[in-house]
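Protein chains in written order, with our numbering: chain S, 1 to 417; chain C, 1 to 417.
Watch out, some of these pointers could steer you wrong.
The list treats identical chains as one, so a pair stands whether inside a single copy or across any two.
To be verified - Using 27 angstroms as the maximum straight-line C-alpha spacing, the simulated DSSO-like pairs for lysine-lysine come out as follows: (1) Lys243 to Lys413; (2) Lys191 to Lys88; (3) Lys89 to Lys367; (4) Lys295 to Lys89; (5) Lys88 to Lys295; (6) Lys89 to Lys301; (7) Lys367 to Lys140; (8) Lys88 to Lys301; (9) Lys413 to Lys191; (10) Lys373 to Lys89; (11) Lys191 to Lys89; (12) Lys295 to Lys191.
In short, the hints are calculated from the structure, not lab data.
The structure presented is a predicted model; accordingly, all values stated were derived computationally and were not measured.
Number of protein chains: 2
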Amino acid sequence: MKKLYGNAIVGQSGGPTAAINATLCGVVRGVLSQMGEGACIEKLYGMRNGIEGLMDRRTVCLSDFFDCEEKLKLLEQTPAAALGSCRKKLPNPDSTDEKDIAFYEKLFAILEEYNIRYFFYIGGNDSMDTVAKMSRWAEKCGYEMRVMGVPKTIDNDLPTTDHTPGFGSAAKFIATVMQEIICDCAVYTTKAVTIVEIMGRDAGWLTASSAIGRVVDGRAPDLVYLPERSFDMEQFFARIEEKFREHPNLVVAVSEGLQFADGRYVGEGQQSGVADAFGHKYLSGTGKALEFAIKERFGCKVRSVELNLPQRCAGHLLSRTDIEESVSIGKKAVEAAIDGVSGEVMIFVRSSTAPYVCEISHEKVTKIANQTKYVPDEFINETADNVTDDCCNYLLPLIVGECDVIYNNGLPKHIIL
Amino acid sequence: MKKLYGNAIVGQSGGPTAAINATLCGVVRGVLSQMGEGACIEKLYGMRNGIEGLMDRRTVCLSDFFDCEEKLKLLEQTPAAALGSCRKKLPNPDSTDEKDIAFYEKLFAILEEYNIRYFFYIGGNDSMDTVAKMSRWAEKCGYEMRVMGVPKTIDNDLPTTDHTPGFGSAAKFIATVMQEIICDCAVYTTKAVTIVEIMGRDAGWLTASSAIGRVVDGRAPDLVYLPERSFDMEQFFARIEEKFREHPNLVVAVSEGLQFADGRYVGEGQQSGVADAFGHKYLSGTGKALEFAIKERFGCKVRSVELNLPQRCAGHLLSRTDIEESVSIGKKAVEAAIDGVSGEVMIFVRSSTAPYVCEISHEKVTKIANQTKYVPDEFINETADNVTDDCCNYLLPLIVGECDVIYNNGLPKHIIL
Numbered sequence: 001m002k003k004l005y006g007n008a009i010v011g012q013s014g015g016p017t018a019a020i021n022a023t024l025c026g027v028v029r030g031v032l033s034q035m036g037e038g039a040c041i042e043k044l045y046g047m048r049n050g051i052e053g054l055m056d057r058r059t060v061c062l063s064d065f066f067d068c069e070e071k072l073k074l075l076e077q078t079p080a081a082a083l084g085s086c087r088k089k090l091p092n093p094d095s096t097d098e099k100d101i102a103f104y105e106k107l108f109a110i111l112e113e114y115n116i117r118y119f120f121y122i123g124g125n126d127s128m129d130t131v132a133k134m135s136r137w138a139e140k141c142g143y144e145m146r147v148m149g150v151p152k153t154i155d156n157d158l159p160t161t162d163h164t165p166g167f168g169s170a171a172k173f174i175a176t177v178m179q180e181i182i183c184d185c186a187v188y189t190t191k192a193v194t195i196v197e198i199m200g201r202d203a204g205w206l207t208a209s210s211a212i213g214r215v216v217d218g219r220a221p222d223l224v225y226l227p228e229r230s231f232d233m234e235q236f237f238a239r240i241e242e243k244f245r246e247h248p249n250l251v252v253a254v255s256e257g258l259q260f261a262d263g264r265y266v267g268e269g270q271q272s273g274v275a276d277a278f279g280h281k282y283l284s285g286t287g288k289a290l291e292f293a294i295k296e297r298f299g300c301k302v303r304s305v306e307l308n309l310p311q312r313c314a315g316h317l318l319s320r321t322d323i324e325e326s327v328s329i330g331k332k333a334v335e336a337a338i339d340g341v342s343g344e345v346m347i348f349v350r351s352s353t354a355p356y357v358c359e360i361s362h363e364k365v366t367k368i369a370n371q372t373k374y375v376p377d378e379f380i381n382e383t384a385d386n387v388t389d390d391c392c393n394y395l396l397p398l399i400v401g402e403c404d405v406i407y408n409n410g411l412p413k414h415i416i417l
Numbered sequence: 001m002k003k004l005y006g007n008a009i010v011g012q013s014g015g016p017t018a019a020i021n022a023t024l025c026g027v028v029r030g031v032l033s034q035m036g037e038g039a040c041i042e043k044l045y046g047m048r049n050g051i052e053g054l055m056d057r058r059t060v061c062l063s064d065f066f067d068c069e070e071k072l073k074l075l076e077q078t079p080a081a082a083l084g085s086c087r088k089k090l091p092n093p094d095s096t097d098e099k100d101i102a103f104y105e106k107l108f109a110i111l112e113e114y115n116i117r118y119f120f121y122i123g124g125n126d127s128m129d130t131v132a133k134m135s136r137w138a139e140k141c142g143y144e145m146r147v148m149g150v151p152k153t154i155d156n157d158l159p160t161t162d163h164t165p166g167f168g169s170a171a172k173f174i175a176t177v178m179q180e181i182i183c184d185c186a187v188y189t190t191k192a193v194t195i196v197e198i199m200g201r202d203a204g205w206l207t208a209s210s211a212i213g214r215v216v217d218g219r220a221p222d223l224v225y226l227p228e229r230s231f232d233m234e235q236f237f238a239r240i241e242e243k244f245r246e247h248p249n250l251v252v253a254v255s256e257g258l259q260f261a262d263g264r265y266v267g268e269g270q271q272s273g274v275a276d277a278f279g280h281k282y283l284s285g286t287g288k289a290l291e292f293a294i295k296e297r298f299g300c301k302v303r304s305v306e307l308n309l310p311q312r313c314a315g316h317l318l319s320r321t322d323i324e325e326s327v328s329i330g331k332k333a334v335e336a337a338i339d340g341v342s343g344e345v346m347i348f349v350r351s352s353t354a355p356y357v358c359e360i361s362h363e364k365v366t367k368i369a370n371q372t373k374y375v376p377d378e379f380i381n382e383t384a385d386n387v388t389d390d391c392c393n394y395l396l397p398l399i400v401g402e403c404d405v406i407y408n409n410g411l412p413k414h415i416i417l
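In isolation and in its complexed conformation, chain S is listed as follows (with noise of 0.2 angstroms):
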């Protein structure tokens, strides 16, 4: 393959995770590593806001900026996308509208300013379509430039590669909160339900990562209710009948994007007829919606509990396992880009589960793009109210070990672009 010689870009696009700036750091590795005599590569830039901020030139030089291994260090702890994020979605690079084109001759324009060989672009499904687009348009144009895309998202629903950086990371957070949540809910005698309510509209891979420690030390919610199946209020009150006979206080894990069989979300069949003082109607959230439900069937103490935000952004809590994988899979992604790879994602391909053994890999992006992967059926018990052992096991690894924080006076330190 031909030695492409100029600078690099990398960006960062959709929803922010605890890992995406360990893969940025990855990237920035990769490119420092390679400096010196007859570096393809001579400048690393990062864009602010992704694609929208590169169209304003709105950019920072990394490889100037990255002098030290503390400031790598501290970005990799840095929780959520430091270069920032967008959330757009590019034009199709066939179209034949002029806007359209107008957008890509701007866009190109402004790589060509900056000399642009190499672009990586980090993000969830949406950017990986970024990435199918900036590569088509290259190739239409005749402009050299090698495209790589490297996964990111905590809902771990993207296909072809095994996990998602970012993702055990999160599952570390839920399954490590989920316990300390059981010995919080331990502590009283009366009859109480704890609804937990966790992240991912169509994926439940991270709802199941909240029974993980059953497989450590025995102890994971007594229900788990993933959106790979459809909710039934009625067995749900059954199944809490029959655990309140084994023990007074129940957990229940559920992931946000419950559904019944026709095909309403659990949060959202509270909202009939409920508005506010301001006319508002309430998407009240399944934990919400269940939390009224099992009160109004059981009468007795329910709470529910939305882990929200620090499920993307518990920098505090990191999975080392995760971390680690999510800087190496940057660092290659410079690496196959330089050995000429491009319009392509990386990816992880596991061969084993115990003892786990996870390679880096890449795939045409085309592949990964717009799709969803769903846990599967052999991970979901027949009753559909719990995950398997095999879903714990095959989660387990992904969690494993902890990153050595570094703090400043009691507070995690993290960096600024």
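Since the structure of chain S is already known, use the hints to place chain C on it.
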């Protein structure tokens, strides 16, 4: 002071914290360290679910159970009350009601059965009431026993003591998660408000802690509302408008206990006329109420995050200062009781903030029971929408330092008693 020989018992009561087991560990360490020739305390029992469990003779021999340092270390990092808790209010020991007298007679008969001469109770306000009453009955009936209270509460709202065991770890979790949420919210360029609802119905100590980052690295919520000041919606809107002129991603910390000038809870305000499919009135919570109000007024993106249970049970992120102090105060309670102190509660006395110097003492339990310590005026700014730097500096030493949490296969190890 005459030496008193016999056994000891310890209980936990009230809402759990991440440090209440560290104090339990301190009591165990205190008893173990005086063992040997001439020991006053022979055995240390734990009562399950506080006084309630003791009435059913549900106990565990802690001095037998804790036979190695590893178990003690695990107890220190296990969140929530390992012995279980209760919320029992004891009858008036001077009551002439037969039922009340029968209660105390049964309770003290059980204590005599176990030959309990040292009684330690770890808890909040109500638990100190229990200590006072137990002490009074023992005195009245001439039962020789030293009764000591050891405070705990994440709310930090007990008088006399500088701060409470458990508060520092809750404050560290809140301050840390706040920095992470600020990172998360900064990634987009569109106008958005994030409301973070923090525990503390009456006192605003925990909400104030969300601002500690300001004196560490300059990052803190834009606005901070404590329950010590009445909340005005129009003033709030005006401040949001001002802040939007500075930057687009606003983060607001609010106490769950915020009230309007007329005494209505801000969360309750949303309740009027609102009922769900089951006819329930909604108590949406302060965060949700403000989320809807801002959405109505500004039409921008708004979300609310309730930090919820993890505030009090995040054993994976403990303040080393808090845990060390929590252990010490438990140990000192044992020493004080052996020295003859009774009917008192252990307290922290701070003699200096920078450098932080804090000693452990004890005080008549009647001075602490049934009273609330609010955030003082000098810690709240004039416009009542933030805390002062003095407040942050006062809180800072309580969150300093991290604990080396022991993990097993990716999850923190907890001990089950």
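Structure-based check of all given hints:
1. Lys243 to Lys413: Result: close only across copies, 25 angstroms inter versus 43 angstroms intra.
2. Lys191 to Lys88: between (48 angstroms within a copy, 16 angstroms between copies)
3. Lys89 to Lys367: Close inside one copy (18 angstroms), not across copies (64 angstroms); limit 27 angstroms.
4. Lys295 to Lys89: Classified as between; 25 angstroms across copies, 43 angstroms inside a copy.
5. Lys88 to Lys295: between (43 angstroms within a copy, 23 angstroms between copies)
6. Lys89 to Lys301: Between copies only: 19 angstroms across, 46 angstroms inside.
7. Lys367 to Lys140: within (20 angstroms within a copy, 80 angstroms between copies)
8. Lys88 to Lys301: Result: close only across copies, 17 angstroms inter versus 45 angstroms intra.
9. Lys413 to Lys191: Between copies only: 26 angstroms across, 42 angstroms inside.
10. Lys373 to Lys89: within (21 angstroms within a copy, 53 angstroms between copies)
11. Lys191 to Lys89: between (49 angstroms within a copy, 19 angstroms between copies)
12. Lys295 to Lys191: within (11 angstroms within a copy, 37 angstroms between copies)
Going through the hint list in order, the structure satisfies each hint without exception.
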